[in-house]
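As a plain string of letters, each chain reads:
There are 2 protein chains.
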Amino acid sequence: MAAALPGPRLRPHVKAHKSTALARRQAEAGHRSFTCATVREVEGMAAAGLGQDLLLANETLETERLAAVQGAEVTLAVDSEATVEAAAAGGIRRVVIDVNVGMPRCGCPPEDAGRLAEVARTRGLEVRGVMGYEGHVVGLPDRGARTAMVEDSMKALLRAHDAVGGDLISAGGTGTFDINTWATEIQAGSYVLMDNAYAELDLPFRRALQILATVISAWPSHAVLNCGLKALGMDHGNPTMEDGHQVWFVSDEHITFSPATPVKVGDRLRVLPGHVDPTVAYHERMFVVDGETVVDEWPVDLRGW
Amino acid sequence: MAAALPGPRLRPHVKAHKSTALARRQAEAGHRSFTCATVREVEGMAAAGLGQDLLLANETLETERLAAVQGAEVTLAVDSEATVEAAAAGGIRRVVIDVNVGMPRCGCPPEDAGRLAEVARTRGLEVRGVMGYEGHVVGLPDRGARTAMVEDSMKALLRAHDAVGGDLISAGGTGTFDINTWATEIQAGSYVLMDNAYAELDLPFRRALQILATVISAWPSHAVLNCGLKALGMDHGNPTMEDGHQVWFVSDEHITFSPATPVKVGDRLRVLPGHVDPTVAYHERMFVVDGETVVDEWPVDLRGW
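In the order they appear, the protein sequences are chains C and V.
Residue 71 is where the first sequence starts when you use this note's numbering, and the numbers rise one by one after that.
Residue 71 is where the second sequence starts when you use this note's numbering, and the numbers rise one by one after that.
By construction, these hints were calculated from the structure, which means they are not laboratory data.
Computed from a predicted structure; not experimentally measured.
Be careful, since some hints might not be right.
Listed next, with one range per pair, are the computed distances between beta-carbon atoms [unchecked claim]:
id : chain 1 : residue 1 : chain 2 : residue 2 : range
1  : V       : P274      : C       : F319      : 52 to 62 Å
2  : C       : G361      : V       : R94       : 44 to 54 Å
3  : C       : P274      : V       : G209      : 38 to 48 Å
4  : C       : W318      : V       : A137      : 24 to 34 Å
Every residue gets a Cβ at the ideal spot worked out from N, C-alpha and C, and that includes glycine.
Excised from the complex, chain C in its bound form (with noise of 0.2 Å):
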């Protein structure tokens, strides 16, 4: 990925892995500056002698919390006037107007985004640019559908960003980290663990992140992992397991399979998680391994709010 997005093109999203071990790898690879999705991973990250600049991409009312980290430069995302008050009241220094290029979910219209900047600089914030995440185009399997649809995206955000001002143009995911030439940054986070959601496209990173999981029950019929609905995120559906065995279905301690081979009690399979994100939240730490041996382990240490 340095090789792609060097230094500051690249604003690792640290919601993707919590950890500030792998934030510091990633710090090694030349990215110091960070996204972050909540106020602990804020906070986590200033402790961490990570935050040098911290992008808390996120709406949040907790900005008195937020501007008593100590260590960090903080920028915060803003798309109301409710959220600029609040940015200001809380002691809040740094913002970007965060712009709806898309996705219905936090931003305001990109023709709103002048004003809202105006009414920011008015209650005394530095508006450091814009951002505006295109997360309806980021998972589309269609290389073709996904780099028009981006275009549209940044078109709309570029439009936002010459009311606005400032040097971010902060944008893009782990989907478009490539087609997203537009954005002077992208937050990518998925693309350092990886997932079975987007291993599905045509992106050059490898899954990392998979459970390590014990055959505690064997059967002619099935066999039983003791893994489960709490280690696992399941919005995007079942976790898929290596060497062609089936997986049938998840309860909260157990996955039941149908072995592709005969398995027996003890042995140790992997599974491999549909979406990183929710799965890496349930864990308190990640063992990195080399072949069958264990060479690192990281603290989860970003979990809660």
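Assemble chain V onto chain C, guided by the hints.
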């Protein structure tokens, strides 16, 4: 619940709430034997002084760790020679034979239970009886079908019990708490907090678990809450909202919804999760509220494995 299933007739399953504070309330209501799904839950319950009679109703090979738990009387489910051997080798003293009563997950065939009990006794283990969770039945909406299928399942479990012996016939869940009259004890967990899935059934329990989220972005077409995939078990689908607000979709840290009545930034709204167990497992604590007043705070202290 204590009126329907007094004292040891209910063995509350702590996996639903993962909170020793709430388990203590259940103990105060007379239920002092508990069901656990993980070794961590057993450890935490023992450390909290609630280890009088803990059933780990799940197979595990981490038997040395389980046997090392201090201050608890632990019984472990076994369903194979391999898990019996692991129990004996690890220093476990008491087991139940886990029987497959119709759901393809853990559990030996009913006709194999007697032989397995003999293997366990030969290895020096006390066999307290049988367990067999009718997980394929507990969620059936039609009470007649549920009743008929519980009977089938429990007849299989009673056959197994005839061959195994022991005092315990442990089974059941929230959906069958008043239907399963064959088991000596019911392992219900969800009843105490409930969720949208169980609320579809004809049960006398109310949904106590809600997520209080804040509107952070509001537009004519939609609004956004600061609660998302990392706060909600999603295997039963989207959560719902009160007051007619319609959930559109859920992102990592957001719910986008269609307001039934106008909402504004800062409004706090209640979100009702689809599935209690994987929802609670995301949270560090639960707040107990009486109207708008927080009257207690319960750490979710049994998370992880």
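Okay, the hints, checked on the actual structure:
no.	hint	in the structure
1	V:P274 / C:F319: 52 to 62 Å	violated, 28 Å
2	C:G361 / V:R94: 44 to 54 Å	holds, 45 Å
3	C:P274 / V:G209: 38 to 48 Å	holds, 42 Å
4	C:W318 / V:A137: 24 to 34 Å	holds, 32 Å
Violated hint for the displayed structure: number 1, the only one.
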